[in-house]
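The listed protein sequences derive, respectively, from chains A and B.
Residues 321 to 1037, numbered by the numbering used here, are exactly what the first sequence covers, in order.
Residues 321 to 1037, numbered by the numbering used here, are exactly what the second sequence covers, in order.
Hints listed in this document are in silico derivations from the structure and should not be mistaken for laboratory results.
One thing to keep in mind: the hints can contain errors.
One copy or two, either will do: identical chains are not told apart, so a pair holds if it fits within one copy or between any two.
[To be verified] DSS-like mimics (lysine-lysine), calculated; alpha carbons at most 27 Å apart, straight line: (1) LYS491 <-> LYS427; (2) LYS741 <-> LYS532; (3) LYS491 <-> LYS845; (4) LYS776 <-> LYS680; (5) LYS604 <-> LYS988; (6) LYS427 <-> LYS438; (7) LYS666 <-> LYS604; (8) LYS658 <-> LYS440; (9) LYS706 <-> LYS988; (10) LYS491 <-> LYS988; (11) LYS859 <-> LYS845; (12) LYS650 <-> LYS438; (13) LYS706 <-> LYS680; (14) LYS650 <-> LYS706; (15) LYS438 <-> LYS658; (16) LYS488 <-> LYS776; (17) LYS650 <-> LYS604; (18) LYS438 <-> LYS741; (19) LYS666 <-> LYS680; (20) LYS488 <-> LYS859; (21) LYS604 <-> LYS488.
There are 2 protein chains.
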Amino acid sequence: ATGADNDLYINQAIVFIEDAIQYRSINHRVDSKSLWLYRWYYSRTCQWILSLTITIILALAFVEKPSSLTITSDVRYRLPAWNPPCGLTESIELLCFLVFVVDVSVKSYLIGWEEFWKNKWLVAYILTLIVSLADWIVSLSFFCTENVRIRRILRPFFLLQNSSMMKKTLKSINSTLPEMASVVLLLAVHLSLFTMFAMLLFARTKDGQQDKEWVGYFRNLPDSLTSLLVLLTTANNPDVMIPAYSQNRAYSLFFILFTVLGNLFLMNLLTAIIYNQFRGYLLKSVQSSLFRRRLGIRAAFEVLSSLKETPPNAQQSYVSVGALLQVLQKVEMDSRCKQAIMRSLKMCSCDQLSAAQFQKLFEELDKDSIKQHPPSPEYQSRFMQKMQFAFGHPYFGYLGNVVALANIISICVVLVMDADKQPSERDDFFLGAINCFFILYYLLEMLLKILAMGLKRYLSYPSNRFDGLLTVILLVLEIATFAVYGFPHPGWRPEFMGLLSLWDMVRLVNMLIVFRFLRIIPNMKFMALVVTTLLDLVKNLRAFAGILVVVFYAFAITGIMLFQGAVVPMGNIRRSCFSFFLIYFCFVLFQSSFYIKKVVVLSFQEKCDFMALSGHFQAEVIYCLLYLLSVNLICRWAKIYFVVWWLISSVIWVNLFVALLLENFIHKWDRRCHREPLSDIEYQRTVELMFRDVLEEPTEEELMEKLHQHPHLQLCR
Amino acid sequence: ATGADNDLYINQAIVFIEDAIQYRSINHRVDSKSLWLYRWYYSRTCQWILSLTITIILALAFVEKPSSLTITSDVRYRLPAWNPPCGLTESIELLCFLVFVVDVSVKSYLIGWEEFWKNKWLVAYILTLIVSLADWIVSLSFFCTENVRIRRILRPFFLLQNSSMMKKTLKSINSTLPEMASVVLLLAVHLSLFTMFAMLLFARTKDGQQDKEWVGYFRNLPDSLTSLLVLLTTANNPDVMIPAYSQNRAYSLFFILFTVLGNLFLMNLLTAIIYNQFRGYLLKSVQSSLFRRRLGIRAAFEVLSSLKETPPNAQQSYVSVGALLQVLQKVEMDSRCKQAIMRSLKMCSCDQLSAAQFQKLFEELDKDSIKQHPPSPEYQSRFMQKMQFAFGHPYFGYLGNVVALANIISICVVLVMDADKQPSERDDFFLGAINCFFILYYLLEMLLKILAMGLKRYLSYPSNRFDGLLTVILLVLEIATFAVYGFPHPGWRPEFMGLLSLWDMVRLVNMLIVFRFLRIIPNMKFMALVVTTLLDLVKNLRAFAGILVVVFYAFAITGIMLFQGAVVPMGNIRRSCFSFFLIYFCFVLFQSSFYIKKVVVLSFQEKCDFMALSGHFQAEVIYCLLYLLSVNLICRWAKIYFVVWWLISSVIWVNLFVALLLENFIHKWDRRCHREPLSDIEYQRTVELMFRDVLEEPTEEELMEKLHQHPHLQLCR
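Kindly produce the complete structure, drawing on both the sequences and the hints.
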């Protein structure tokens, strides 16, 4: 009933609307101080600091002790990596932990004690912090000499818990696990039955000539299992059956049967199952986001309707326009949306807003932001008008594409001609001359387009921005080349000079021209569809990529810990086995392993060549492994480690990716058939908008029921 | 108005109903003689002769000249293949051609001259026959010495044109081609842009140390294109970037970008597009089958209603029950269906049938054939009843599964223990004893089950038939072993004797036991689902497999013709390069190529190692190719040939397969959620039944419109 109460209600409304905009849950404390803390916590600065902290703690692994990140990976040339003194990375780590402690305390306080215990993520967060701090203390008390550092494996958790999208995705993956496990079990049964069958089929015989297959691949149970597992990845496909096939062609039937059943049926069944489970995933997630938004708006309405300035109304609650305007001014939101809401608020001449009207006002948030390009300048002279017509016409753009194609082809021709020439024999006059010509054309094209469209309209198209930027860079590079080497003339020769030689510069210019060719894409209908699908996919994929980073990081650190000592006896070339950089976490070792393999390991390799698992990403890992296998002792453990790795990164993740791609593409394709996009309006597509026509609006009852369950908000009625 | 007319109508009705049952088109001649010819042509004997002819003409390639099908593929041991004298295979071929000529004449006559020109398949059939016969004459006039035999490439066409399902599938694939072509084009653009980029990036430098990447993979345009194409198949994944990576880690970004874009996005996009195009394929095909069935039934109704014995009725046409009974007795159809229709005809006491009633009668055809198992025998004695209860109980079945598992485990243990022993050291007593024990148990189980269920009921379950058959085979093998070697005793040793040694027999017995373990599958819910999906898939896949056979056959023959002379200069080991057996059409050469490769080709191999394309099926082809590449002259042609082969067999076909699997599985999964199958009734699932709930019944107007368009049938009204 007081002004303080009114201020509180206004503040609550502000926070609820901000929650709605950001699709956040509204289940947090709603007293004045908490609201201040809440807005502070979700302010850009705070969230930015938190993200930075997470990045720093994850990046620490690149400089910490077992790492050796250098530019070249060639052991013969590279300098030893920088080894930070004990305490340096540890103190940075401590700072990060302190930020996390603040983060978890604020979060726990804001959602309240009772809710805290229900939130498993928060509990896990606190536990992770405690374990990490304990491990940190142990580490320091050993003066950084201990090898097992549990806190490093736990680090990716901080990334995971900070993203609601990733948590949602993880939940979704989790619900797919039972079905995936069934297929993996089926795969295991398939593998073991065929292993037994193979061992019976290719048994040792008295005739030494006859049991080559046994010697090579089915000597004992682990060998047989390994041979067939690799056959499942198709890595050893014809090799494994050569000895048997050489004896009798009919033996190939065994291998065909195994491959067709395992690889064609069961592996693809995994795709089918994962796709089937994920079909509704995007829709469900967007649906729950919509619910959160509607709930936030409704909550704002409810608190605003309790403002005492509104006349009490027995039937329905109303919100005064003045109060809403007051709230809107303080809410942080997209200025375009804010203006649109203000405008429609003024247009509606009423003084009071019902719940439905209130909700309707904020539907502006869900709308496509339609981008209107600024108009072209209007010229007075007829000549200029003709110029404008000519160079503003799409055909002029097509001409540009044709020229770009000609440029590409000419570069191609020069490349083919120069392919086998020595650098000293090469005459760069031709390449220099065509570069010069084409860059001049590009410059002219840009200027004429600006003339025709006006600078603002020109810049409002992303394709033009891309074009213009590349043209400017090309021009700068070309001018730099001329300044240093003079204009091209016959016999123009590359000279090495400073950082970039002329040859390097010309190459750089030409690479940029290759990129410039990509501007053709939007002009081709199907390609445009494919490219927009891919871009959409990248947006939706962020959560998946995050989870992948988490898994890779954990795997890499585990790998470092498991195989750290393993390489010492080989010649002390590298102390650690693994360093990492996400997918390429194995690259540090890569070169050294490659050389060693060539010299020492070749005999072992054949024994453990199971590791030539086919997935493309882990090819590097395999090289690492071959190195590891050279130290034959750890062969078994490495096998298990890498089979798990293969299952997760190649089988499961790739299938998830395919499922997501199918979902996105099919949805997009269906939409394309339904309506043709308007030519001049560009929609800013988001996942939410893609699904708008199939989303269900939450009902009034659902919203109110949820609001009454709010742990901190006591609604008057 | 005469009896002859009536007979004609009856005959027409019979043929139309048979058309409906077989989902055939009814657009054929309908006069008396043609009907007789039609029934004769579609009689089992005729169709069987036609299929046999197709099989024979396709199989001819295995004995024709360039083939060399022998048991062992090892050139050192095998005898020269049988070379049929000139004129033998040719005269068989001529016989086949004559059958085809009869086939095409009958078909053309039956559908009528006007329709014939509209039917592209028939025209193509005749053209193929003419070309084949001409080629055959040329061949004979050269006394079988000419190498180019076009008619061999055309042979799979006879397979294609004989199956309506395959023609339908081909049409469906054809409609997917534009979208596939778009993605393949995108892939080509991706490849060529990156190739240019790579050539600019990894150019030759003055420093010999720095341009290892250039030397190895990007020496000129074809080399670069090849390197990146192989990277797309992930076959050379880490190797291709090692030299560059060794220089600077950042170069790996180029390869990562290329792989992620090409392999992860574009390749999977192909899957998505194909799946999207194929989503409706099965449904559409089943829908058109349904239409054909309804049309056939309707046509039968219309002709029967013109019988003069029926009283003319102005409003509606009717069919007398007597006429229908007359027709039914002559129609060839499933006896169960016929009886059911007869029964319901008798139950409906009316004398006249309207169109709707007539249609309804034949809905019996669409129904699941519910299989009722015969009842168990009823025993008088209480002891027997108890026995029956105990051994008829599902738990007894579970016990059997547990015993089978125990058997598998014991075999496994023996295998692991005996793994490294010499055959002469091995004591087979233990294996013999457990085999003996378990086989006795299986025999007992079978007898007790027969006792409990009665022989008829026992045999009515497919799982029991599988079980029983294996048990009997095991018993026979075991008795044979005992007869020859006596009962197992410590020190029991395998001896070689005749065709099968004891050791071979024991192995055979154990392999069968591994198979017997599969009876567990129906007991596990998810596995049962997966297995039934796979079985369904196999049914639906026949058309796809047929098309694959056609493609493979054509490819194989083309390969033989292209590369036939290529191998002669290498040392005259094999005159022909290719022989074939569908997928493994390259196996004949396989061994020889393998040995030659080891000795001679290793240096060339590295140059043309692009051929290590990753697909699992073509691995053999690659070995062939490595052999071919040894004769460096044909390297370019072989490249093109094998890239096309990879695109068709690995990229497109595998994706089609995945699409079909997704379609089947998702449909099945949805059904599973809808209703639980009854426990004791086994449905005979067909594609038609799977989709029944979503199929649309054709309307009366559609049917009548189609009937009036019939080229040969003049309806009275």
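Here's how the hints hold up against the structure:
{"no.": "1", "hint": "LYS491 <-> LYS427", "in the structure": "within (21 Å within a copy, 60 Å between copies)"}
{"no.": "2", "hint": "LYS741 <-> LYS532", "in the structure": "between (49 Å within a copy, 15 Å between copies)"}
{"no.": "3", "hint": "LYS491 <-> LYS845", "in the structure": "between (37 Å within a copy, 25 Å between copies)"}
{"no.": "4", "hint": "LYS776 <-> LYS680", "in the structure": "neither (34 Å within a copy, 71 Å between copies)"}
{"no.": "5", "hint": "LYS604 <-> LYS988", "in the structure": "both (17 Å within a copy, 22 Å between copies)"}
{"no.": "6", "hint": "LYS427 <-> LYS438", "in the structure": "within (13 Å within a copy, 75 Å between copies)"}
{"no.": "7", "hint": "LYS666 <-> LYS604", "in the structure": "neither (36 Å within a copy, 55 Å between copies)"}
{"no.": "8", "hint": "LYS658 <-> LYS440", "in the structure": "neither (36 Å within a copy, 65 Å between copies)"}
{"no.": "9", "hint": "LYS706 <-> LYS988", "in the structure": "neither (40 Å within a copy, 64 Å between copies)"}
{"no.": "10", "hint": "LYS491 <-> LYS988", "in the structure": "both (25 Å within a copy, 25 Å between copies)"}
{"no.": "11", "hint": "LYS859 <-> LYS845", "in the structure": "within (21 Å within a copy, 38 Å between copies)"}
{"no.": "12", "hint": "LYS650 <-> LYS438", "in the structure": "neither (33 Å within a copy, 74 Å between copies)"}
{"no.": "13", "hint": "LYS706 <-> LYS680", "in the structure": "neither (47 Å within a copy, 74 Å between copies)"}
{"no.": "14", "hint": "LYS650 <-> LYS706", "in the structure": "neither (50 Å within a copy, 83 Å between copies)"}
{"no.": "15", "hint": "LYS438 <-> LYS658", "in the structure": "neither (36 Å within a copy, 65 Å between copies)"}
{"no.": "16", "hint": "LYS488 <-> LYS776", "in the structure": "neither (41 Å within a copy, 55 Å between copies)"}
{"no.": "17", "hint": "LYS650 <-> LYS604", "in the structure": "neither (32 Å within a copy, 58 Å between copies)"}
{"no.": "18", "hint": "LYS438 <-> LYS741", "in the structure": "neither (71 Å within a copy, 60 Å between copies)"}
{"no.": "19", "hint": "LYS666 <-> LYS680", "in the structure": "within (14 Å within a copy, 66 Å between copies)"}
{"no.": "20", "hint": "LYS488 <-> LYS859", "in the structure": "within (15 Å within a copy, 39 Å between copies)"}
{"no.": "21", "hint": "LYS604 <-> LYS488", "in the structure": "within (10 Å within a copy, 37 Å between copies)"}
The earlier numbered hints that this structure contradicts are 4, 7, 8, 9, 12, 13, 14, 15, 16, 17 and 18.
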